[in-house]
Amino acid sequence: MRLVMVIDQSKCLGCKSCVVACNIENSIETNNNWTEVFDMVSGQFPNYHREFVPRPCNHCSKPPCVDICPTKASQKDKLTGTVQIDQKRCTGCRYCMSACPYKVRVFNWKKPGKVLNENPASPKRPKGTTEKCTFCFHKTGKEIFDAKKEGRKHRVEYNAKDAVLPACVEKCVGKSRIFGDLDDPDSFVSRLLSKNQYKVLLKSKGTKPNVFYIN
Amino acid sequence: MEKNFETRPSVKYMENLSPGYIFWVAILLAFICGGIYAYINQFVHGLATTGLNDKIVWGLYIQNFAFFVGLSAGGVMVASLVYVLKQEQFQPIARIAEVVALICILMASMSIFVDLGNPKNFLFILSNFKSPIAYDVLIINVYTLICCLYIYFDTRVDFVALKDKFPGRKLLYTLLSLGRSKTDEKTLRKEKRIFTFIAFLALPAAFLLHSITAWVFGLVGAVPGWSQSIIAPIFIVSAMISGTALITVIIIIFKAVTKANIKNEVISKLGLIMACLIPIDLFFIVSEKLTGLYVKTEAIHHETVATVIGHLAAPFWFEVIAGLIIPLILLVIIRKNNLRPAWIVGLSAVLILAGVLAKRWSIVISSLYYNPMQYPDVSYTPTLNEIMIIGGIWSFGALLFTLAMKFFPFMKLQDKKA
Chain A
2 MRLVMVIDQS KCLGCKSCVV ACNIENSIET NNNWTEVFDM VSGQFPNYHR
52 EFVPRPCNHC SKPPCVDICP TKASQKDKLT GTVQIDQKRC TGCRYCMSAC
102 PYKVRVFNWK KPGKVLNENP ASPKRPKGTT EKCTFCFHKT GKEIFDAKKE
152 GRKHRVEYNA KDAVLPACVE KCVGKSRIFG DLDDPDSFVS RLLSKNQYKV
202 LLKSKGTKPN VFYIN
Chain B
9 MEKNFETRPS VKYMENLSPG YIFWVAILLA FICGGIYAYI NQFVHGLATT
59 GLNDKIVWGL YIQNFAFFVG LSAGGVMVAS LVYVLKQEQF QPIARIAEVV
109 ALICILMASM SIFVDLGNPK NFLFILSNFK SPIAYDVLII NVYTLICCLY
159 IYFDTRVDFV ALKDKFPGRK LLYTLLSLGR SKTDEKTLRK EKRIFTFIAF
209 LALPAAFLLH SITAWVFGLV GAVPGWSQSI IAPIFIVSAM ISGTALITVI
259 IIIFKAVTKA NIKNEVISKL GLIMACLIPI DLFFIVSEKL TGLYVKTEAI
309 HHETVATVIG HLAAPFWFEV IAGLIIPLIL LVIIRKNNLR PAWIVGLSAV
359 LILAGVLAKR WSIVISSLYY NPMQYPDVSY TPTLNEIMII GGIWSFGALL
409 FTLAMKFFPF MKLQDKKA
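Going down the list, the sequences are from chains A and B.
The first sequence finishes on residue 216 if you use the working numbering, and the numbering steps up by one all the way, no holes.
The second sequence finishes on residue 426 if you use the working numbering, and the numbering steps up by one all the way, no holes.
The following block holds chain A by itself, in its conformation from the complex (with noise of 0.2 Å):
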């Protein structure tokens, strides 16, 4: 399985309404966004470009974040293929956050405060720790252990009724953002990358990230 998120920019209105979704999700300060929505204008008026890149992790399928973790905190989950971070086993160095090209993680400079109505199932966030977007991996990735331990076929499809979503995907005003498994040739991200032309984001960093740019 290779989760990934097909983002299609014409669909983007630059709301953030995904960034606020993935703050009361994983009950997130304002100040620590896990995913962000770039504002991007070239040119002048009247002759101008204007785009709107959203930002989530890229859970690389080459992550250099993993590969430099001393000690093995970020790991790549093997089942469904996005970057994750133990807790547990993270010492704070920050080496992965100067690693990562698009500076996607952030750190837990202070113990995280109170945030109204918490989510009680957001993952725990200790103190001194690097965090990122986890494309919602108690949600998400809770579905396909859960299929898994029962021996039952599980599709992530994003037009399935009762598809469990990340966070700014189930929120996304314009239908932008689209999640899926790209291993799975019946998906629908799947029939869309093969339709579509597509980018990624720095692609001469050589990370083959796995968030992709419709337009």
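Mixed in with the good hints there might be a few duds.
As the list claims (entries may be wrong) - Taking lysine-lysine and the DSBU-like style, the derived pairs with C-alpha atoms no more than 35 Å apart in a straight line are:
#1 B:K63 - A:K104
#2 A:K115 - B:K128
#3 A:K209 - B:K63
#4 B:K138 - A:K204
#5 A:K125 - B:K138
#6 B:K94 - B:K200
What the hints assert, rightly or not - Facing chain B, according to a computed beta carbon distance under 8 Å, are these residues of chain A, among others:
#7 I69
#8 C70
#9 K73
#10 M98
#11 P102
#12 Y103
#13 K104
#14 V107
#15 K115
#16 P127
#17 G129
#18 F189
#19 Y199
#20 L203
It should be emphasised that the hints constitute simulated quantities derived from the structure, not laboratory data.
The model shown is predicted, which means the values in this text are computed figures rather than measured ones.
Glycine included, every Cβ here is placed at the ideal spot set by N, Cα and C.
Assemble chain B onto chain A, guided by the hints.
Here is chain B on its own, set in the frame of chain A:
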């Protein structure tokens, strides 16, 4: 042997405690207490007490870590002048260099430890051998062990001799010599062989130590200021320069305080070593920056422009002008009785140390300002808490050396061949 002992350098300075000495130790202890307080503060409130942020993740601690590692490796390189390159004239300073190397590597370990956000997971740090940091921690430990053995096999005989000289400190010297008090010829010859082996081992270990520290930065592809193939040679040369400079400063102070028999020729020669290393460093700097400025591959060009003519240029030019060019001119031009005067060599050494510290800032911290995505620009200024912790570590190192002056035989008491 007893007769021989008396003609050897005086150990008088080890006996009495002058008011100045006590005052100096008290100042250092005060700074150490300040550092401990600041660390407790950081431990309780997290790294939010530092000026770091999510984009500039490493600051004063790692800058000083790289600096101390360089000083330590440089110290071993100076000591190996005597035992590997057989330059017997440097014999009187070899032990000071060894001890400084050991103290500096301890300071380096401390400054990397205070940088950790979650120190209770520290022991996991050796689990991934794909990570340069794991190798760095490993080599630091091996190197510290080598430094200890180096000092032990060099000074054990003198510890035994001092046990007779100061009956009141019998326990201390028995501990330092690990209870071995044999001084017959066979043991000495055997120890001399072990010592020579360790002296030869220490030199590659010092090179490896500083190269791996350079590769901790050099293997991070996401930071163009770090991931350059020349980074290890640059680190090695500045380690040699700064190590020599620190030992020069310490020797000048040591000589002034203890009236030890260190000839001015030796200090002048140390000046010569620094004057020879500075052009090599300048050469590396020019070849690095010239490539970055001329080749307009986006990332590295952007980075070099920022650190050479942009808003991050101050530490770079301080390093080049105050840390390299001025000392070079001073060391080459000024002569008196065909020797470089000690104060000129000392002044140059201090300038070089400040320059290398600025260079570490330029490499470690300025490189992290690179921002390929569209994040808002951030900057880093150390907080008082950070400065207090680093001040504590500096004082701890100074205190160790100050205390060592009272019990450690820095001047060889007797020849091992005897």
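Hints versus structure:
Straight-line distance between C-alpha atoms of K63 (chain B) and K104 (chain A) comes to about 7 Å, which keeps the hinted pair within the 35 Å bound. With a CA separation close to 24 Å, the supplied pair K115 (chain A) and K128 (chain B) stays within the 35 Å bound. In summary, the hint linking K209 (chain A) to K63 (chain B) is supported, as the alpha carbons are separated by about 22 Å, within the 35 Å threshold. For the hint pairing K138 (chain B) with K204 (chain A), the CA-to-CA distance comes to about 23 Å; that is within 35 Å, so the pair holds.
Only pairs whose Cα atoms come within 35 Å are accepted, and K125 (chain A) paired with K138 (chain B) is accepted, the gap being roughly 27 Å. For the suggested pair K94 (chain B) and K200 (chain B), the alpha carbons sit about 15 Å apart, so the restraint of at most 35 Å is met. Interface hint at I69 (chain A): satisfied, since its Cβ lies 5 Å from the closest Cβ of chain B, which is below the 8 Å cut-off. With a cut of 8 Å, the hint placing C70 (chain A) at the interface with chain B holds, because the nearest CB-to-CB distance is about 6 Å.
The interface hint given for K73 (chain A) holds, since its Cβ lies 5 Å from the closest Cβ of chain B, which is under the 8 Å cut-off. The interface hint given for M98 (chain A) is met, as the beta carbon of that residue sits about 4 Å from the closest beta carbon of chain B, less than 8 Å. Nearest Cβ of chain B to the Cβ of P102 (chain A): about 4 Å, under the 8 Å cut. The hint holds. With a least beta-carbon distance of about 6 Å to chain B, the hint placing Y103 (chain A) at the interface is held under the 8 Å criterion.
About 6 Å separates the beta-carbon of K104 (chain A) from the nearest beta-carbon of chain B, less than 8 Å, and the hint is met. Among the interface hints, the one on V107 (chain A) holds; its C-beta lies about 5 Å from the nearest C-beta in chain B, closer than the 8 Å criterion. For K115 (chain A), the interface hint is violated, since its Cβ never comes within 8 Å of a Cβ in chain B; the closest pair sits about 16 Å apart. Because the beta carbon of P127 (chain A) sits about 7 Å from the nearest beta carbon in chain B, less than 8 Å, this interface hint is met.
Look at G129 (chain A): its Cβ gets to within about 3 Å of chain B, closer than 8 Å, so that hint holds up. The restraint placing F189 (chain A) at the interface with chain B is violated, with a minimum CB-CB distance near 28 Å, outside the 8 Å limit. Annotation: interface hint on Y199 (chain A) violated; nearest CB of chain B at approximately 19 Å, more than 8 Å. Hint status for L203 (chain A): holds, given a least beta-carbon distance of 6 Å to chain B, under 8 Å.
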